[in-house]
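Asks: One letter stands for each residue in the lines below.
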Amino acid sequence: DTGVSQNPRHKITKRGQNVTFRCDPISEHNRLYWYRQTLGQGPEFLTYFQNEAQLEKSRLLSDRFSAERPKGSFSTLEIQRTEQGDSAMYLCASRSTGWGGGETQYFGPGTRLLVL
Amino acid sequence: AQTVTQSQPEMSVQEAETVTLSCTYDTSENNYYLFWYKQPPSRQMILVIRQEAYKQQNATENRFSVNFQKAAKSFSLKISDSQLGDTAMYFCAFMTPTSGTYKYIFGTGTRLKVLA
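As they're listed, the protein sequences go chains C and X. The first sequence maps to residues 624 to 739 in my numbering. The second sequence maps to residues 46 to 161 in my numbering.
Simulated from the structure, these hints should not be mistaken for laboratory data. Check each hint, because a few of them may be wrong.
Below, simulated DSS-like cross-link-like pairs (lysine-lysine); rule was C-alpha separation at most 30 Å, straight line [claimed, not checked]: (1) C/K634 / C/K680; (2) X/K115 / X/K100; (3) X/K158 / C/K680; (4) C/K634 / X/K158; (5) C/K680 / C/K637; (6) C/K634 / C/K694.
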């Protein structure tokens with residue numbers, strides 16, 4: 624069990640540039656989440672995948688944000704035309720299905736984005 | 046809408062002492078789960094302990110235990126015999142299967158520092 628991995632761990636970009644983050648969930652987990660964590664706040668839900676289907680998107684996910692999960696494996700989160708307000712830690716989490724532990728999400732180390 | 050409140054932004058405790066972190070939540074749901082996650086500096090978030098609302102018995106995991114007061118909507122975390130490695134941000138999280146996505150709602154966190 625290699626856990627949830629995220630790449631890159633850090634990203635510095637200039638305002639207006641596009642960035643893409645990758646998340647590799649635990650291999651047998653078919654549910655995947657993206658959260659955003661700003662300084663001094665708890666993580667906030669962005670979007671949810673069940674296999675390759677994106678089933679829910681938060682209002683926080685503006686039209687500059689897009690997430691995909693091709694083939695129900697890894698997921699990518701892209702931010703177009705970045706703004707300084709996008710600076711945050713982007714967390715990915717995954718979970719299995721079923722009861723008796725399936726409710727627990729396992730988090731990756733996050734990608735810290737700084738928009739200059 | 047559900048909310049989670051952590052009213053203690055920062056706390057400190059002497060090594061080997063006991064500390065209690067507070068969490069309150071608001072929901073009209075009857076079926077839900079509560080979690081405490083630990084986020085060490087620059088490291089990923091890991092599950093400390095979880096509680097199913099339908100269980101009356103408080104959850105315990107080694108030095109960590111909770112005081113779950115369902116009627117009061119309170120879910121505090123007690124750390125006994127505090128260790129330097131317990132220094133971290135601690136987040137309380139709420140989840141209800143009714144959401145369909147099992148997404149988490151987090152509090153703003155409590156920064157705990159264990160002093161030598």
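Asks: Evaluate each hint against the coordinates.
Replies: Hints, verified against the model:
This hinted pair checks out: C/K634 and C/K680 have alpha carbons roughly 23 Å apart, not beyond 30 Å. Between X/K115 and X/K100 the alpha-carbon distance is near 10 Å, which keeps this suggested pair within the 30 Å criterion. Restraint check: the Cα-Cα separation between X/K158 and C/K680 comes to about 35 Å, which exceeds 30 Å; the hinted pair is violated. Restraint check for C/K634 and X/K158: the C-alpha separation of about 28 Å stays at or below 30 Å, so the hint holds.
About 26 Å separates the Cα atoms of C/K680 and C/K637, which keeps this hinted pair within 30 Å; it holds. At most 30 Å may separate the alpha-carbon atoms for a hinted pair to count; C/K634 and C/K694 meet this at roughly 26 Å.
Hint 3 from the earlier list is the only one contradicted by this structure; the remaining hints agree with it.
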